[in-house]
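Quick note: the sequence shown uses the working numbering, first residue 33, plus one each step.
It should be emphasised that the hints constitute simulated quantities derived from the structure, not laboratory data. For clarity, every value in this text was computed on a predicted model and none was experimentally measured. Using N, Cα and C, we set each Cβ at its ideal position, and we do this for glycine too. Any given hint might turn out to be false.
Stated by the list, open to error - Computed spacing ranges between beta-carbons, pair by pair:
#1 Val235 with Ala70: 41 to 49 Å
#2 Val169 with Lys103: 44 to 52 Å
#3 Thr90 with Ala142: 22 to 30 Å
#4 Ser59 with Ala273: 50 to 58 Å
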Amino acid sequence: MSNQQEQTFLHGLYVVATPIGNLGDLSPRAANVLKSAALVAAEDTRLSGALVRRCGGTGQLLSLTEHNVLKRIPAVLAAAQQSVVALVSDAGTPAISDPGGRLVEAAHAAGVTVYAIPGPSALAAALSVAGFDSADVHFLGFLPRAKGERITRLCKAAASAATLVILESPGRLGATLVELTEALGDPETVVCRELTKVHEEVVRGRASELARRFETTRGEVTLVVRVNAAATDADEAPLRAYMDEMRRAGARRPAAAAEAARKFGVHRDRAYALWDGPAEDTP
């Protein structure tokens with residue numbers, strides 16, 4: 033890298049996007065920040081350390097995970113008040129579905145200047161190749177592990193957005209596609225697997241079809257889902273009214289959902305998600 037390309041950076045916290053697979057996607061400006069940083073906060077210091085060294089950086093590497101982020105925020109902010117500090121995730125743009133968001137929030141509260149070094153993002157990349165409406169998007173990140181909670185989040189998000197984006201592990205991809213079929217009326221879905229990597233795959237189809245194809249798979253996955261608004265709206269108003277009536281009458285949530293499924297011809301979990309009272313039971 034020539035001296036003409038190198039920059040001098042002011043002290044502060046730099047949120048640096050790093051490649052999600054292809055190292056060629058690292059911008060020159062991002063490389064310069066990593067080279068200049070006195071401290072690099074990263075989820076996995078082994079992965080990020082290799083990237084920092086590739087950029088010629090010699091700064092301290094500090095692990096920042098879901099388990100230690102609150103404990104380490106003060107030290108990171110103290111360094112950012114005196115020098116260049118870089119925040120990176122395992123891949124892509126930090127603070128999107130990772131613990132970096134808490135550090136950024138704390139930096140603003142402490143008066144530390146925060147700079148964006150934009151670049152690769154699985155969220156943006158998946159939306160760009162899906163071909164769905166990107167003006168009304170709900171990003172769900174990773175769904176909860178419990179099926180009832182997963183269905184609830186899907187249904188609530190689908191009620192207010194045209195497109196859903198979900199991060200998923202390869203081991204749970206098939207099950208999630210089946211749940212999309214059951215809860216959202218078999219929506220058109222795009223599976224984005226291993227984006228920017230050698231085995232990149234972007235496949236579009238109905239969730240039920242993709243569930244069979246991706247029953248077993250490998251690699252990192254981002255799902256983009258087109259909400260079937262017409263089908264959802266047609267069922268939801270009377271279904272929600274019925275569930276509200278059952279709740280006020282003192283019915284139990286699982287029993288009401290089961291009866292609603294029979295009465296309206298929808299999946300039980302979808303009715304369960306429309307219960308507006310306290311979730312005292314699990315399906």
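Ascending list of hint numbers which this structure does not respect: 2
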